[in-house]
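As you go down the protein sequences, you meet chains L and F in turn. For the first sequence, our numbering puts the final residue at 302, and the numbers step up evenly by one. For the second sequence, our numbering puts the final residue at 872, and the numbers step up evenly by one.
By construction, these hints were calculated from the structure, which means they are not laboratory data. Hints are supplied without guarantee of correctness; some may be wrong.
Stretches of chain L that chain F covers, calculated by requiring three or more beta carbons in the stretch to come under 8 Å of a beta carbon on chain F [unchecked claim]:
| # | region |
| --- | --- |
| 1 | 46-59 |
| 2 | 65-76 |
| 3 | 109-118 |
| 4 | 270-280 |
Idealized CB from N, CA, C, for every residue including glycine.
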Amino acid sequence: MTAGPGWSRNYWRNYVAELEKYQGEAPAWCPGCGNFAILRAFKEALAEENIEPDQLCIVSGIGQAGKFPHYVRCNTFNGLHGRSLPAATGIKLANHNMLVMAVGGDGDMYGEGGNHLLHAMRRNIGIKVFVHDNQIYGLTKGQASPTSMEGMVTKNQPFGVLSEQLNPMAMAISLDCGFVARGYAGDYMHLKDLMREAIRYPGFSLVDILQPCVSFNKINTFEWYSKRVYHIGDDHDPLDRIKAFTKALEWGDRIPIGVIYRNDRPSFESRVPVLSDGPLVDARPEWETLEKKLAETLREFY
Amino acid sequence: MDYSIKIGGEAGQGIQTIGDVLGRVFARSGYHVFTNQDYESRIRGGHNFYQIRLSDMPVRAPKRELDILIALDGASITFHQPEMREDGTIIYDSALLMKTFDGPQFLDIPFLKLATDTGAGKIAANTVATGAVLGMLGFSLEPLFDIMDIILKKKDDEARRQNRLSAVAGRDYAVANCQRCSFTLSPAGPPKMLLPGSEAVGLGALAGGCQFYSAYPMSPSTGIMVYIGAKAKEYGIVMEQAEDEIAAINMALGASYAGVRSMTGTSGGGFALMVEGLSLAAITETPIVIALAQRPGPATGLPSRTEQADLLFALYAGHGEFPRIIFAPGDPEQAIRLTAKAFDLAQKYQIPAIVMTDQYLGDSQWTFDSISLDGMALRDFRAGTGEIDRLDRYMRHAFTETGISPFAIPGKTRHVVVTDSDEHTEAGHLVEDALIRRKMVEKRLFCKIEDIRKEIAPPAYFGPENAATVLISWGSTYGIIREAAEKLADERVGMLHFSEIYPFPGREKFDYTGLLNRADRRICIENNATSQFAQLLEAQSGCTVTDRMTRYDGRPWLVEELLEELRGRT
Chain L
1 MTAGPGWSRN YWRNYVAELE KYQGEAPAWC PGCGNFAILR AFKEALAEEN IEPDQLCIVS
61 GIGQAGKFPH YVRCNTFNGL HGRSLPAATG IKLANHNMLV MAVGGDGDMY GEGGNHLLHA
121 MRRNIGIKVF VHDNQIYGLT KGQASPTSME GMVTKNQPFG VLSEQLNPMA MAISLDCGFV
181 ARGYAGDYMH LKDLMREAIR YPGFSLVDIL QPCVSFNKIN TFEWYSKRVY HIGDDHDPLD
241 RIKAFTKALE WGDRIPIGVI YRNDRPSFES RVPVLSDGPL VDARPEWETL EKKLAETLRE
301 FY
Chain F
303 MDYSIKIGGE AGQGIQTIGD VLGRVFARSG YHVFTNQDYE SRIRGGHNFY QIRLSDMPVR
363 APKRELDILI ALDGASITFH QPEMREDGTI IYDSALLMKT FDGPQFLDIP FLKLATDTGA
423 GKIAANTVAT GAVLGMLGFS LEPLFDIMDI ILKKKDDEAR RQNRLSAVAG RDYAVANCQR
483 CSFTLSPAGP PKMLLPGSEA VGLGALAGGC QFYSAYPMSP STGIMVYIGA KAKEYGIVME
543 QAEDEIAAIN MALGASYAGV RSMTGTSGGG FALMVEGLSL AAITETPIVI ALAQRPGPAT
603 GLPSRTEQAD LLFALYAGHG EFPRIIFAPG DPEQAIRLTA KAFDLAQKYQ IPAIVMTDQY
663 LGDSQWTFDS ISLDGMALRD FRAGTGEIDR LDRYMRHAFT ETGISPFAIP GKTRHVVVTD
723 SDEHTEAGHL VEDALIRRKM VEKRLFCKIE DIRKEIAPPA YFGPENAATV LISWGSTYGI
783 IREAAEKLAD ERVGMLHFSE IYPFPGREKF DYTGLLNRAD RRICIENNAT SQFAQLLEAQ
843 SGCTVTDRMT RYDGRPWLVE ELLEELRGRT
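With the sequences and hints as input, model every part of the structure.
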């Protein structure tokens with residue numbers, strides 16, 4: 001199903017029905033949270049990409065974003081804080097026909113899980129990562145995150161944040177990450193399209209989603225973001241890594257949203273020889289064959 | 303016939319190659335062989351040794367007394383001359399050591415010159431030494447040539463010819479010049495296989511249907527990863543070197559959740575990093591096998607040496623309360639069986655299973671006439687697609703009598719498979735309800751544990767029924783203690799060996815506590831400082847241990863040392 005002009009009432013009805021199959025548990029987020037818009041964009045992106053809930057696996061860690069897969073009907077591995085990418089890597093390698101996504105916040109993906117993010121990008125494993133980046137720790141009630149702006153005063157950083165703000169887009173491009181994009185929870189149609197592109201990209205996709213935290217971040221509010229974000233235009237060539245890097249450095253009065261960078265590196269799973277005949281999960285050995293092979297292998301020790 | 307040969311030298315001098323080749327020649331020739339290694343944590347220099355014991359009777363441990371020492375450096379002579387038998391021989395090259403040694407024990411063989419005379423480079427000096435040892439013992443060079451052909455398969459015919467000539471030169475020189483050599487070879491048995499401990503764990507993984515292995519290199523566990531990596535293509539295994547141990551266990555858990563049998567391997571420090579993942583395996587009821595190759599700690603400890611000091615760590619690792627399986631094989635054959643069994647039980651009960659080895663077992667090699675695969679099988683405990691699809695609703699953590707919920711494969715059913723590191727409902731969604739929490743703890747822990755215990759084999763016993771003294775051992779000390787016990791058989795000494803450690807074996811199949819209680823002395827012998835197994839045994843069985851023998855210098859016992867210590871006590 002493709003969204004387009006000329007939607008009829010009937011079309012809408014089908015569309016809503018289509019979304020129902022993704023209906024998960026009732027969200028426990030704060031009223032007004034930017035996550036609601038992300039959830040809506042996400043379900044619509046799934047519907048428009050014709051993804052069945054049982055063919056999708058969302059991996060998450062801990063944080064408000066970590067609860068995300070419970071609010072979508074899908075295969076779910078809600079694991080440890082910061083460790084969603086290794087778990088997602090294992091799932092993708094076990095069954096590369098499944099759409100595997102990882103969802104987490106800025107603390108989960110950029111703080112606790114930073115090392116895994118670097119290496120997942122290096123692998124270019126076909127995982128789609130959506131980061132709910134609210135520039136603050138929500139679940140632990142208001143401490144600075146890796147993307148909090150320098151100088152931001154919190155209960156836990158009374159002298160203001162002393163470390164420089166992490167720029168996930170520039171970091172990703174410097175690592176030649178396959179697909180690098182930024183979206184905004186306040187622009188859900190645009191976000192939905194970004195998610196669809198990220199889903200279609202065969203390798204590793206990172207979508208950093210600016211998401212106001214209505215409870216703890218009183219600086220980066222809907223108003224703050226709305227004044228600053230702008231759509232990256234057709235004049236930007238996402239295949240040009242140098243220009244993409246320059247674009248990624250833009251932050252402040254104007255914040256670009258859209259696809260910042262992409263390349264055509266082959267996905268990790270397409271390069272693992274053992275996976276060329278199909279998913280690992282479909283290749284479980286039978287004892288009779290295994291026994292013969294083992295007998296052969298044991299002979300190598302004589 | 304019971305000869306011991308030691309090869310000593312610096313790291314990088316090729317002592318391992320000489321040792322491996324000699325070990326294989328002896329095994330192929332039909333003798334019982336035991337080899338072990340002692341090395342420093344460095345790439346070049348230092349002092350390392352490789353020890354080989356060969357006999358016409360089964361050998362399971364290193365001996366202190368040496369018959370032949372190949373000294374590739376001066377330190378070998380300083381350290382190991384005291385271990386020589388009176389009539390033993392030290393072979394060395396005075397050109398290499400830049401020193402001549404006097405005395406009837408020394409035989410100066412020009413390894414370098416004989417090698418270069420054949421046209422081969424200095425590298426063939428080790429082949430000369432290998433040939434010399436075989437000549438001294440009276441072995442034919444044919445098995446050596448066969449093994450060199452396997453090793454040199456990529457090299458040209460000229461290299462092959464030069465190496466053969468080098469071996470012949472070494473043999474001829476030794477035969478002509480070793481006046482004191484009076485080795486006699488007893489009749490040999492059928493050709494034997496020479497199996498190293500680390501590879502045996504890898505073989506067990508293959509036999510257990512392992513399809514996914516992720517790990518971060520760490521001595522002494524690396525050998526397992528390298529072996530599985532070498533077999534990955536043939537056996538259809540994805541082996542991924544993870545960025546760290548945290549990633550390694552989480553990757554393996556991801557793959558296991560997605561339906562493939564998965565394993566990781568590490569040593570103490572890496573296992574410490576995996577502990578949160580172990581806890582994740584428990585609450586998500588995701589099967590996983592972990593090879594824990596111990597080395598002395600704390601922290602980096604002695605990276606290349608041996609210890610059994612992580613038993614209680616493995617037993618209690620992980621926050622929260624949950625069941626686990628711990629196996630500790632005593633030899634490579636047990637390592638194959640127990641690793642395969644770990645896969646079987648981990649999947650059956652959806653729990654973590656830990657296979658504990660150490661540097662001593664991982665790096666030692668044992669001979670076997672053959673390894674039987676009889677009685678082994680690959681049982682599939684995953685729920686079939688049809689079975690799950692027929693359900694109106696699938697719940698990954700459904701309450702059942704046994705505590706085991708149907709294990710559906712995500713993507714292979716119309717239902718979704720949901721699990722969570724938070725306490726969760728039967729459907730896998732996070733929950734804080736007190737009643738559900740209580741039922742989940744009971745499901746994971748109490749419902750499963752007694753059934754798991756029934757799967758655990760009792761300890762093995764060797765010795766008289768009315769033993770006055772029972773030596774108690776676990777894991778890698780099996781061979782050493784068994785040999786010591788055999789030597790003390792006349793003194794009514796027996797030995798009890800535990801290889802399936804936890805859940806602690808019940809007494810239904812073998813009343814080992816009765817046996818222990820009837821003995822006057824119950825001596826627990828361990829490679830750690832606090833008698834960890836004795837603590838476990840006392841807590842779990844009610845038996846008390848009368849003596850605790852510990853060794854925590856990073857080295858294994860030698861049979862003679864153990865006997866001396868035991869004789870001092872009994």
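Tested hints:
Beta-carbon proximity to chain F at under 8 Å applies to 5 residues in the region 46-59 of chain L; the threshold of 3 is reached and the given coverage holds. With a threshold of 8 Å between beta carbons, the proposed coverage of the region 65-76 of chain L by chain F holds, since 7 of its residues qualify and at least three are required. Look at the region 109-118 of chain L against chain F: 3 of its residues bring a Cβ nearer than 8 Å to a Cβ of that chain, three or more, so the hint holds. Counting residues of the region 270-280 of chain L whose C-beta sits closer than 8 Å to any C-beta of chain F gives 5, which meets the bar of three, so the coverage hint holds.
Checked against the numbered hints given earlier, this structure breaks none of them.
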